[in-house]
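Each chain, letter by letter, is given below.
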Amino acid sequence: EAQVTQNPRYLITVTGKKLTVTCSQNMNHEYMSWYRQDPGLGLRQIYYSMNVEVTDKGDVPEGYKVSRKEKRNFPLILESPSPNQTSLYFCASSIGRQSSYEQYFGPGTRLTVT
Amino acid sequence: RKEVEQDPGPFNVPEGATVAFNCTYSNSASQSFFWYRQDCRKEPKLLMSVYSSGNEDGRFTAQLNRASQYISLLIRDSKLSDSATYLCVVTPGADSWGKLQFGAGTQVVVTP
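Protein chains in written order, with my numbering: chain A, 1 to 114; chain B, 1 to 112.
In case anyone wonders, no lab produced these hints; they're calculated from the structure.
Simulated coverage check for chain B against chain A, where a stretch passes if three residues somewhere in it have a Cβ under 8 angstroms from a Cβ of chain A:
1. 38-48
2. 103-112
Calculated lysine to aspartate or glutamate pairs in the EDC-like style (CA-CA distance at most 16 angstroms, straight line):
3. B:99 with A:59
4. B:99 with A:56
5. B:79 with B:39
6. B:2 with A:59
7. B:2 with A:38
8. A:18 with A:62
9. B:99 with A:102
10. B:45 with A:102
11. B:42 with A:38
12. A:71 with A:53
13. A:69 with A:30
14. A:65 with A:79
15. B:79 with B:57
16. B:99 with A:30
17. A:69 with A:56
18. A:18 with A:79
19. A:65 with A:53
Glycine included, C-beta positions come from ideal geometry on N, C-alpha and C.
This is chain A alone, in the form it adopts within the complex (with noise of 0.2 angstroms):
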């Protein structure tokens, strides 16, 4: 079945301690980006990844790194997470290697940091 898969979809965690969030497509596609959903806001880019080693800043990249060592696979990590870090996170995928594809959304991960 294709999919885009992260894990965890929840955690909660404390300020300052280091986390990784998962994401893996098995559809082959190029392009791959994260985005955060807060109430009121939308969801808002924080990184995409055009191909394998090729990533880009969102609208919202601070506080966040992200790596793309491999085509399935596209980790967000908190270095130091802050509370205003609480919300839903969402990967996408897409087929081109541009955002204006069709994008295939990961099931979101709910983070709360106290």
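Based on these hints, arrange chain B on the given structure of chain A.
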């Protein structure tokens, strides 16, 4: 001002009625436009792309007005299953091929 703006709603629609709503975007160089559907904080899913000539998919019709910088979505013969949040999505332009901008969503509630 937000790059992509939507009326948050909710739009309360009787079953069988027609509902329409717009999304405005600020960047005149925006290239691609989409409507996504999101159910109750689940993952968004593509509803339809929006072409310059407008397009229709069953009960759904999308239009693009470049001069006034908005896109619209019309739902005919609303079903209970159409209750969802509809997200307007825009790609900023040729200098931002990887970026994607979302509106905050318009909530539609279809009532029996």
